[in-house]
Every structure is written in C-alpha cells, then in structure tokens.
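Peer 1: Sequence:
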Amino acid sequence: MKKLFGLGLLAATLAAPLHASADPVSWIDWSGKAGSIVQDGKTIDVAYTGAAGISHSDYFSGFPTTFTSDEVSNGPGSNGFLQLSGGASAQHHHIHFSSAVVNPYVAFLSLGAFNGAATFTFQGVNKIDLFSQGSGPWGGGGLTVSGNVVSGAEGNGVVRLNGTFTDLYFTTPVYENWYGAAIGAAEVSPVPEPGTWGMLLAGGAVLALVGRRRGSDKFAHAA
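Just so you know, the sequence shown maps onto residues -22 to -1, 1 to 201 in mature numbering (1 follows the signal peptide of the UniProt record, and there is no 0).
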C-alpha cells in the first residue's frame, strides 16, 4: 500500500504543471477606427465610435514593469491605442465587438496630469482589477480603481474589466492634451503547455503500470 501511494504521488507530481505563466494578450490591431482582436483562436472585428484618434506610437515597450505582470505577459506595442483628450465635447466613447469578448484588458497611458487627475468611467462594468502600474514616457505612476472608475494623475498601467462584452461604453469627462488607452484580451479556454502534456502522459503511464502490477500480483497469489 505504501509503495502504491508513493507511485500515485509521483504520478500526481509529474502531471502537475511546472510553473504558471502570464497570459499572452491580443491587443486590438487598429486600422483607422476599425480593428481586430483574437480570443480563443477566433478573430473578432472591432469598431470605435467617438472623438478619439488612433496612434501607433509604441510608448509601452520601454516600460515592461508598467505594462506587464504575472497576469499579462505583453504590452500593446505598436498595435495602436485610442488617443483621447476628453472634456465635455469629447467624453463619450463606444467600442463594438463583432463577437463577445471575455474579461478585456485596458492599458492606460499618461492618464491625467501631475496637477490634476483624469478618469475613465465604464458603463455596465461591475468589477475592475488592477494588475500593473508605474512610470511611463513622461514619468508619473499609479492608477486608482474605484467601482467602475479608473483615474490617474499621469497614471500608467493595465486593468481588467471583468465580464463578457459585445459593447464597451465609457466616458472621459476631464479634458487634457491627450491620454491613451489600448484594449486587449487573453485566452479564456486554457490550453496546457507542451511540457505539461508530456507530464500528464508520464503520470498516466505510471498509474497504468501500477494497475498492471497489482493485477499480476493478484493472479499470482490466486494461483
């Protein structure tokens, strides 16, 4: 029995993944105010309505600790981001997905200024998780999340909007020269890493060997 327990424990250990890794994020690849995103191998078309422009300047890659984390393995790079100024005449924004997107991420760039915070208010979003924050191209630092509102005073970082969405509506009531937001999504149906498949097969082989050994011993004793 002890030997069987030990082999079973070995099989379980072999079957366990060696490490957890951050999810690669597909950030919207913008072309004008239309773009696309990939989630679970499916390409989803994206359309933006509002006063924001689109910039493809890569302000993200030089600040990996700000835009990546244990949750998010890659920043937006040069895929593009919404370049907003906010304020009364430019505060309403709408992003439409051709298919539902689960738990989208938003990477904020230079949100607000040192002398005054700016905010994003997301309609229909009940929970927002903050995963990373820090300095950006113009210094700055953190973001603050309160309910469905994200604010920053020259804030940079990445949050996740928890839920399933075909449409994202948000407002930016505070005017500033500009601030940015990139939107992305990660896989929601986890696939074991190649090494994990090998471990699972090895674990199954150990358990199968134990089963055959016990069967042989049983027949030997019966004889």
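These aren't lab readings, by the way, just hints derived from the structure by calculation.
There may be inaccurate statements among the hints.
Distance windows between CB atoms, simulated [said to hold, decoys possible]:
(1) Ser76 <-> Pro42: 27 to 33 Å
(2) Asn93 <-> Val166: 37 to 43 Å
(3) Val166 <-> Gly40: 27 to 33 Å
(4) Ala(-1) <-> His70: 19 to 25 Å
(5) Thr43 <-> Val123: 24 to 30 Å
(6) Ser124 <-> Ala12: 28 to 34 Å
The beta-carbon is built from N, C-alpha and C at its ideal position, and this holds for glycine as well.
Peer 1: Each hint should be assessed against the structure and marked as holding or not.
Peer 2: Comparing the hints with the structure gives:
For Ser76 and Pro42, the hinted distance range of 27 to 33 Å is satisfied, since their beta carbons lie about 31 Å from each other. Between Asn93 and Val166 the C-beta distance comes to about 40 Å, which sits within the given range of 37 to 43 Å. Distance hint for Val166 and Gly40: a CB-CB separation of about 29 Å, consistent with the stated range 27 to 33 Å. Take Ala(-1) and His70: their Cβ atoms lie about 33 Å apart, and the range 19 to 25 Å is violated.
Between Thr43 and Val123 the Cβ separation comes to about 19 Å, which falls outside the hinted range of 24 to 30 Å. In this structure the hint that Ser124 and Ala12 lie 28 to 34 Å apart at CB holds, the actual value being about 32 Å.
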